[in-house]
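Asker: Using the sequences plus the hints, can you model the full thing?
Numbered by full-length UniProt numbering, the letters in the sequence shown go through residues 1 to 390 in order.
The set of hints was computed from the structure by calculation and includes no laboratory data.
It is possible that some hints are incorrect.
As the list claims (entries may be wrong) - The list that follows gives simulated cross-link-like pairs (lysine to aspartate or glutamate, DMTMM-like), each with its CA atoms no further than 25 Å apart:
# : residue 1 : residue 2
1 : K175      : D190
2 : K205      : E229
3 : K75       : E89
To be verified - DEER-style ranges, computed between Cβ atoms:
#  : residue 1 : residue 2 : range
4  : N199      : R327      : 32 to 40 Å
5  : G226      : K58       : 47 to 55 Å
6  : A337      : C232      : 36 to 44 Å
7  : K179      : Y289      : 45 to 53 Å
8  : N303      : G226      : 47 to 55 Å
9  : L328      : V159      : 24 to 32 Å
10 : K292      : K58       : 39 to 47 Å
11 : V334      : G161      : 47 to 55 Å
12 : P209      : W363      : 38 to 46 Å
13 : P209      : H372      : 33 to 41 Å
Beta carbons are placed, not taken as given, at the ideal position from N, Cα and C, and that holds for glycine.
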Amino acid sequence: MPPPFQFRGNDRRSQNHHPKPEFTFRYSRPPTSERPLLRSRRETTPDLLVAPENGDDKPALKLHNEILSFYYWVKPVEYEQIVRADLIERLQTAFQSRYYGVQLRAFGSFASGLYLPTADIDLVLLSSNFMRHGIKTFGERKGQIYAFSAFLRNLDIAVPGSIETIAHARVPILKFVDKMTGLRVDLSFDNDSGLVANNTFQQWKSEYPAMPVIVSVIKQFLLLRGLNEVPCGGLGGFSITCLVTSLLQHLPHGSMSQNLGSILMDFFEFYGHEFDYETVGIRMEPPGYFNKDARLSIEDPNNADNDVSGGTREIALIFKSFRDAYRLLKERMVYTAMAGDQNNSILESIIAANYDEYTEQRWQLRQIFQTHPRFARHDDEKSLQTSFLA
1 MPPPFQFRGN DRRSQNHHPK PEFTFRYSRP PTSERPLLRS RRETTPDLLV APENGDDKPA
61 LKLHNEILSF YYWVKPVEYE QIVRADLIER LQTAFQSRYY GVQLRAFGSF ASGLYLPTAD
121 IDLVLLSSNF MRHGIKTFGE RKGQIYAFSA FLRNLDIAVP GSIETIAHAR VPILKFVDKM
181 TGLRVDLSFD NDSGLVANNT FQQWKSEYPA MPVIVSVIKQ FLLLRGLNEV PCGGLGGFSI
241 TCLVTSLLQH LPHGSMSQNL GSILMDFFEF YGHEFDYETV GIRMEPPGYF NKDARLSIED
301 PNNADNDVSG GTREIALIFK SFRDAYRLLK ERMVYTAMAG DQNNSILESI IAANYDEYTE
361 QRWQLRQIFQ THPRFARHDD EKSLQTSFLA
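Answerer: Listed below in structure tokens is the structure:
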């Protein structure tokens, strides 16, 4: 089991360089001036995410506000979206210059807007034959994947030496780092399963406003423990989203005014103590469960034959970490109530870390956005950013 995570200030050597927000976890949403700049608009917290002022449960309200504070700090800002979308545009232009009629589409966390600041971008290159007739043309032959790799190497888009060709996997991909932005990209071929899931994400976000907020906390929680990467046996973003959404589907207050602290505690208690992943599977549509054997199984809402969590091997460790999180949060909430301690964060007990990497990634993307000629057409947004700084 990984050691407990502690705040380390600005020690860049700590916790795999996953940084602590510039503000301490607060008990209310931080003001505009303290949030990352250039949001799409001056947002207001959705009514469904405003916890009722319940004086009898101050720790739960405190945790609710800390969760919102973390979410508004970590959620994508507009210049991140613009720079990431431009990366896709650059790649699309390059591939279309060589392969007639192809399309490059985003899926996963970027497409759904549920990504952390250093997250990679999942893309799929679609051939005209696949788009018209559903017949795979790209990625069927290993030599073709290596040809794409060579083409990408000659584009001067990827950081030299960063291209990784995974041609022998069930789903062949190219992995590389973009030279301009430092962002990581995973490129797959003629596979629309991730694109179909994009609409599902948007539907769930609309039905359950708490979903993206809780997902952001769970993603960060698992990232800090090295349990968020499927190739390493961890729980991927789609699986995390399904676990959170399934919980919300079954909560009696799933679509009503809700306390985020209570939902987070429900998540860790249910999956850490009550849910038996060895005998029960999760069905998303229609919401429910089914009997099965052995490992965690989450039925793909768009393809009943696909197990969303099929690549997750460290299931026991992941669910044990959920049990530990429930215990840590409960202990901190009891201490807060008994001692009347309003100065120490409750949420930090499970996601305390050094967050400099997030701050540095955003600073780099903002510098690119403000200075690179490709973004001159966004001068109005840059003026807005300057006005926020004033």
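Asker: Take the hints in turn and mark each one as holding or not.
Answerer: Outcome of the hint check:
Restraint check for K175 and D190: the C-alpha separation of about 16 Å stays at or below 25 Å, so the hint holds. For the suggested pair K205 and E229, the alpha carbons sit about 23 Å apart, so the restraint of at most 25 Å is met. With a CA separation close to 22 Å, the supplied pair K75 and E89 stays within the 25 Å bound. For N199 and R327, the Cβ-Cβ distance of about 37 Å falls inside the hinted range of 32 to 40 Å, so the restraint holds.
Restraint check, G226 to K58: a C-beta distance of roughly 34 Å breaks the suggested window 47 to 55 Å. A337 and C232 have their C-beta atoms about 38 Å apart, which keeps the hinted 36 to 44 Å range intact. Taking the beta carbon of each, K179 and Y289 are about 47 Å apart, inside 45 to 53 Å as hinted. A beta carbon spacing of about 29 Å between N303 and G226 contradicts the range 47 to 55 Å that was offered as a hint.
Between L328 and V159 the C-beta distance comes to about 38 Å, which lies outside the given range of 24 to 32 Å. Our hint of 39 to 47 Å for K292 and K58 holds, since their Cβ atoms are close to 41 Å apart. Distance hint check for V334 and G161: the Cβ-Cβ separation is about 51 Å, which falls inside the suggested range of 47 to 55 Å. One distance hint, 38 to 46 Å for the beta-carbon pair P209 and W363, is violated here, with the actual separation near 30 Å.
A beta carbon spacing of about 35 Å between P209 and H372 agrees with the range 33 to 41 Å that was offered as a hint.
When held up to the earlier numbered hints, the structure conflicts with 5, 8, 9 and 12 and fits the remainder.
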